[in-house]
Structure formats: structure tokens, C-alpha cells
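Student: Take a look at the letters that make up each chain.
2 protein chains.
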Amino acid sequence: MDFLELAAKRESCRNYADTPVDKNKLNLCLEAARLAPSACNSQPWTMILALTPEKVGQAAKAAQELGMNRFIGKAPAIAMVVEEKTNISSKFGGALKDQQYAQTDIGLAVAHFCLEATQLGLSTCIIGWFNEAQLKKDFDIPESKRVRLLIAVGYAADSSLREKKRRPVDEIARFV
Amino acid sequence: MDFLELAAKRESCRNYADTPVDKNKLNLCLEAARLAPSACNSQPWTMILALTPEKVGQAAKAAQELGMNRFIGKAPAIAMVVEEKTNISSKFGGALKDQQYAQTDIGLAVAHFCLEATQLGLSTCIIGWFNEAQLKKDFDIPESKRVRLLIAVGYAADSSLREKKRRPVDEIARFV
Chain G
1 MDFLELAAKR ESCRNYADTP VDKNKLNLCL EAARLAPSAC NSQPWTMILA LTPEKVGQAA
61 KAAQELGMNR FIGKAPAIAM VVEEKTNISS KFGGALKDQQ YAQTDIGLAV AHFCLEATQL
121 GLSTCIIGWF NEAQLKKDFD IPESKRVRLL IAVGYAADSS LREKKRRPVD EIARFV
Chain C
1 MDFLELAAKR ESCRNYADTP VDKNKLNLCL EAARLAPSAC NSQPWTMILA LTPEKVGQAA
61 KAAQELGMNR FIGKAPAIAM VVEEKTNISS KFGGALKDQQ YAQTDIGLAV AHFCLEATQL
121 GLSTCIIGWF NEAQLKKDFD IPESKRVRLL IAVGYAADSS LREKKRRPVD EIARFV
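The listed protein sequences correspond, in order, to chains G and C. Oh and the first sequence: position 113 is 113 in the working numbering, straight run, nothing missing. Oh and the second sequence: position 160 is 160 in the working numbering, straight run, nothing missing.
Because the hints were derived from the structure by calculation, they are not lab data. Cβ atoms here follow ideal geometry from the backbone N, Cα and C, with glycine treated the same way. A portion of the hints provided could be inaccurate.
As the list claims (entries may be wrong) - Below 27 Å or equal to it, Euclidean Cα-Cα: the simulated DSS-like pairs (lysine-lysine) are:
#1 Lys55/G / Lys25/G
#2 Lys25/C / Lys165/G
#3 Lys74/G / Lys25/G
#4 Lys164/G / Lys74/G
#5 Lys165/G / Lys23/C
#6 Lys97/C / Lys61/G
#7 Lys23/C / Lys74/G
What the hints assert, rightly or not - Only some residues are given here: those of chain C computed to face chain G with a beta carbon under 10 Å:
#8 Glu31
#9 Ala32
#10 Pro37
#11 Cys40
#12 Ala50
#13 Thr52
#14 Glu54
#15 Ile88
#16 Leu96
#17 Phe130
#18 Lys136
#19 Pro142
#20 Glu143
#21 Val176
Just need the whole structure built from these sequences, with the hints factored in.
Tutor: Here's what the structure looks like:
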């Protein structure tokens, strides 16, 4: 599959089938994420992957705070992305330039993760709304760390793709 | 090409050949970036793509502040990624949860951009160190905005790949 086809095929899935996700496939998604670039090769993230019904249930509940993300209750796997310390070069450069490289690095890694999932026939949804304190308690994440994103992973119950709504290229880019 | 092969092939290129980059190829990279997901579909970024020698020279000079990134002087094209306002849902959610979704969104889009470049036989290097004030002046970017990243784009002078140094999977992930 050509990369543009893969990018077009990846969409946020909010309706999962009752099919479990094989751990080996998640390991391939992790491998793709691991290959992503990061500022000064800092790799400032870790992932916790909930696969057992109990743990998936806990992660799902945290994402459903205030009635949000109801669909996640059907996802058979949920990855949690935790920001880790950057290395000294990235930290120093970021401080001097007032940039938060770690969060961009997490975006790069999560893109790789979701694209490999798509390649494997899986569907994903990146979720930024969750009860972070609850996740820290349920998954033994130190209080000082930040959970940045969740990724729901499973098989789409409906395989037809929606049309992507995006701004046209001439609104998002200019050549000089 | 399988996605993992593509992800393995993408590497930060610091030695560019004297070959210009076709604008159509950059448009395909932009199309891939445009397809990336973002929090609440906010798409909070724009890109300025320097292709003329004068403008590439200005962008390169800004990235060479304090003797850094000397290699960028040979890149035939440089994209600058500017953070734009998020939509109201992303802004509200981010404020409530103390998260900076825009920067993760930029990481997602930049991953897509660089992977499509790799698919097209181009090489890239994401750069987080640059004189932002100078870029704003040279490229008419409003003072209030933030330039988050540059992406050098061109053809690698040396096509052999380096081994990627990454933390092993068991250090970056745990299943629960």
C-alpha cells in the first residue's frame, strides 16, 4: 500500500467489533512507534497497553469522564502514552527556545503507531480527554508524570471509510 | 513498501545532494500531512515551504544560529511549521486538562509529511533549533505566532542507512 493510501485509510474509529487484538500486532505498532524520530533522539515517552478486560475497562472508564468517549467501552485494547524525561540536549534546547519538544515527539510516535495499526487492518482512535489522576492511580503511573494521550485499538465494526474533512492545501501552505 | 519498512527507511538526513526538489512532490507531502488526525480535527498548523535559493538560504541561516545545523545549508527545500489557533473544542478541552494538543497535532502531521517524503525517495531532517524571531521577520509570520519546527527536504547524498539507536521495546512499553 502506497503511503498516501495508508494515510487516507487511517481514520478515527468510534465503533469497534467484538474481536480481540493480538498482542503480536500491538508489538508491531510499538516497533513502528519506536522507529519514529524525536528531538535529539530523546524518545521521551513510554506506553502502557491495556489488554485484559479489567484493565481495558479501567482505562475506558477514565476516558468516559463527564459522558465523553462512550464508544471506547467497546475497544478491545487501549494504549496510554506517558511523557518521560527528555535527554539533556533536548531539555536544554527546549528551555532555551521555549519549545516543548516532548509533545511533538509523542505526536510523531503516535502517528507511527496508528499507521502501522492501519497497515495491519486495525483501527484506532487517539483520545486526549481522560481523567488523568484516575489513570495514574489504576496503572501505577507516578504522580509527577503526565499522561498525554490514549489510543483505542481494535477492529472497526463498519469498514466503510468516511470522507475526511480537512482544510484545502492552499489554506494550509504557501511556497516562497 | 510495508509501513514498517517505510518507517525504518526514514532517517534524519544531514547530507544533501545537489538535486532540486520538485514542487509536486512537496505537494504530496503536504497532502499526507493534511490527512493526519488532530485533536477535535482542529488542524492547528500551517506550513511555509521555502524553495527559491534566496528563501531557502534565509531559512537555513536561521537554523544555523550559534553554529548549529551546518548541514542545512545544502538542503534544497525547507518547510517551516507554524502553530495556528486550535478550534474551540480543542482549546477548551486542552485548557481544562492542561494539555497542549496543538503540539502533538503538529507531531502527527510532520510524521505524515516525512513518511510521504520517504515514500517519494526524498530525505528529511526535522529541526527544532532555529532563530525564531529571524524567521518571523524573513517570512512575514506574525509576532504572536510560534514556529514549532523546520523540516529540511532533499535527496540524500549517501543512500546507505544508519542503524537506528532506540530503546528496546521492553523499556518503552508494558502490557497490563
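Student: Run the structure past the numbered hints and jot down the numbers of the failing ones, going up.
Tutor: 7, 15, 18, 19, 20
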